[in-house]
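Undergrad: Dock chain L with the ligands against chain G, hints included.
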Amino acid sequence: MSSEKATLKVPTIGEYLANGESPEILFWVGCAGSFDDRAKKITKAVVKILNHVGVKFAVLGTEESCTGDPAKRAGNEFLFQMQAMNNISILNGYDIKKIVTACPHCFNTLKNEYPDLGGNYEVIHHTQLIQNLIDTGKLKVEGGTFKGKKITFHDPCYLGRGNDEYEAPRIIIEKLDAELVEMKRCKTNGLCCGAGGAQMFKEAEKGKKEINIERTEEALSINPQVIATGCPFCNTMMTDGVKNFNKEHVIKVMDVAELIAQANDL
Amino acid sequence: MGFSNLIFLLFLAFAIFLFSKNIKKLIRNIRLGRDINRSDNKSERLSIMTRVALGQSKIMAKPVAGFLHVIVYLGFIIINIEVIEIIIDGLFGTHRILSFLGSFYNFLIGSFEILAMSVLVACIVFLIRRNIIRIPRFFNPEITKWPKTDANLILIIEILLMSAFLLMNAADSALQNKEVSHYIKAGAFPVSSFLVNIFNNYSVNFLIFIERSTWWFHIIGILAFLNYLPYSKHLHIILAFPNVFFSNLNPKGQFSNMESVTNEVKLMFDPNAVPPTNLNPGKFGAKDVSDLSWKNLMDAYSCTECGRCTSECPANITGKLLSPRKIMMDTRDRLEEVGKNIDKNGLDFDDGKSLFSYISQEEILACTSCNACVQACPVNIDPLSIIMELRRYKIMEESSAPSEWNNVFSNIENNGAPWQFSPSDRLNWRDE
Ligand code: SF4
Ligand code: SF4
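Just so you know, the sequences run in chain order G and L.
Residue numbering for the first sequence follows this note's numbering, beginning at 1 and increasing consecutively.
Residue numbering for the second sequence follows this note's numbering, beginning at 267 and increasing consecutively.
Because the hints were derived from the structure by calculation, they are not lab data.
No incorrect hints appear here.
Capping the alpha-carbon separation at 16 Å, the derived lysine to aspartate or glutamate pairs in EDC-like fashion look like this: (1) L:Lys287 <-> L:Glu602; (2) L:Lys549 <-> L:Glu664; (3) G:Lys41 <-> L:Asp697; (4) G:Lys206 <-> L:Glu628; (5) G:Lys40 <-> L:Asp697; (6) L:Lys619 <-> L:Asp554; (7) G:Lys175 <-> G:Asp135; (8) G:Lys149 <-> G:Glu174; (9) G:Lys140 <-> G:Glu174; (10) G:Lys202 <-> L:Glu628; (11) G:Lys150 <-> G:Glu218; (12) G:Lys147 <-> G:Asp177; (13) L:Lys606 <-> L:Asp616; (14) G:Lys40 <-> L:Glu698; (15) G:Lys9 <-> L:Asp697; (16) G:Lys202 <-> L:Glu670; (17) G:Lys56 <-> G:Glu24; (18) G:Lys150 <-> G:Asp177; (19) L:Lys291 <-> L:Asp599; (20) L:Lys532 <-> G:Asp116; (21) G:Lys9 <-> L:Glu698; (22) G:Lys98 <-> G:Glu24; (23) G:Lys208 <-> L:Glu628; (24) G:Lys40 <-> L:Asp691; (25) G:Lys184 <-> G:Glu217; (26) L:Lys553 <-> L:Asp616; (27) G:Lys247 <-> G:Glu218; (28) L:Lys291 <-> L:Glu602; (29) G:Lys149 <-> G:Glu182; (30) G:Lys41 <-> L:Glu698; (31) L:Lys499 <-> L:Glu602.
Chain G extracted, bound-state conformation (with noise of 0.2 Å):
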């Protein structure tokens, strides 16, 4: 962990605007980054890969809070518009005008939920930021441990049916020489962890099943050796799912960030 926070390079626009520079993008954490200990490691891949690109980014740090999709989703639309708001103004202050982020709910929030309400930002997934790197050769990619390994893509809902990305996720797959197997039900008909729709928040409705439990049912009968994901949400249900089947010592789920990451030993 030392060794990790002597190279980690994460300034906030704070810091950028001291030393009288702006940063290309700014790099939106979210709260399961920010406060959620698996999804925190994704969030540090994700700077592990900026930072070795070299990308000029920054976070507000203590000044982001929640987009509101949860409020949203949940039914509370006052909380989410005063949630945007406040954010909207801390973001046209820095002026802001480009954002990443590693969480799909807050990428289509801010995507396509700020706008109406005066903010307006090029608002991209990390998954469509890593596949631009690749693409324009800024990042190299080599499958290293993943050469081989077969890898199944849970879609997150609001990364896919919700913002039509099935791509940029499994083209970074493939970049790792890796076998991507796909689920009967993946893409458009792809199905939900269970944590949308502030579901993450509260126990589920009576029924026969848990939905990640589902799910996860249907990763195993591939047989992947990493469930991979683009979501801290979905990370969470499918590996409670893992764990539940007694799996995780065979099976990892993994962010596709931390397979990038990985790979190209970051």
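TA: Then chain L with the ligands, alone, in the frame of chain G:
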């Protein structure tokens, strides 16, 4: 004009009168919904309608049902060209008036016969799928009683109509063979000719009886079926087209920002802001059909009750009460009820009921907002948008959120995150 032509005219006029009355009511009911702008991007809308409604693209996601549906759909549209001729013949006492088209006419009648036979077979397969193979999506609790009867009834009516058409042609062709006057030589009968050999043995009078009665059965059946549509899921054969035309063109993940809330939030941020005067804040979210948008209501009338949404719904798959198809059916039932109340008691009548008399909180809370239902729907219905409006009402008007959600709300409000962490710790990960 003979007596039978008069009878025909009366039937036709009555059917059209009834149908237009029903359609007017339907439009009035849809207009009970809130306004929403779906008249932008006409060319994109036309192309979606061409692909999804006309081209049946989403139906093909399930290849077997998709293929059968395309047969019935094409058959139904094309065979109905025949109705034009039937109506002219019926009104003027002519027989096969279009036969002057010569070989093209023969080609038409021949293809109608082949289509009619295919439709007949497809409908039989559909009946088997529904009742004998017992495909699970046809056995959810909401598909019992009337909806189940409705589905079977439609298939049986189509089988009867197609059979009548083929029998009529067979009798006609036998009469043509016997060179009975009035039955001019016209048409090609690739399917019904198999029956002709049997029919050739019957007397002219009996054949005329069969030809006339199947002719009448066919046309009265079609007119009756037309007027059955407003009470049936079969209404989708009309509404699928406008409903797809008015689809949501935004990314599916994007939910509407409530303008009434924006106005209030703006006032809180800037007390000097002038509130718009033309605003009727109304309620937040939807309690009844008139709080939904007109597109939500058109969705409800367009639903084919196919259950593709429900069979993809993660909540339903894992045994929760939520079924997006039921949400659509409940919305239609409630809308019909409100419509009947208006007919009987005028516009402001309050029967003390609402959508929540049909849909429970447990159902709407189970939705993960995953959009699988929206993706699956062959006629671009958006059950999620109704679920969200109901949720908004429950949360904002009734404050009846589950306690875990209330904690999330207060955490977001106080700490800027759904969990109880201090905002000042937000960047701690950098140094861990
Ligand atoms: S959006 Fe809601 S209702 Fe639709 S499929 Fe997903 S969980 Fe079911
Ligand atoms: S909403 Fe669409 S998918 Fe669901 S039952 Fe109705 S027509 Fe079928």
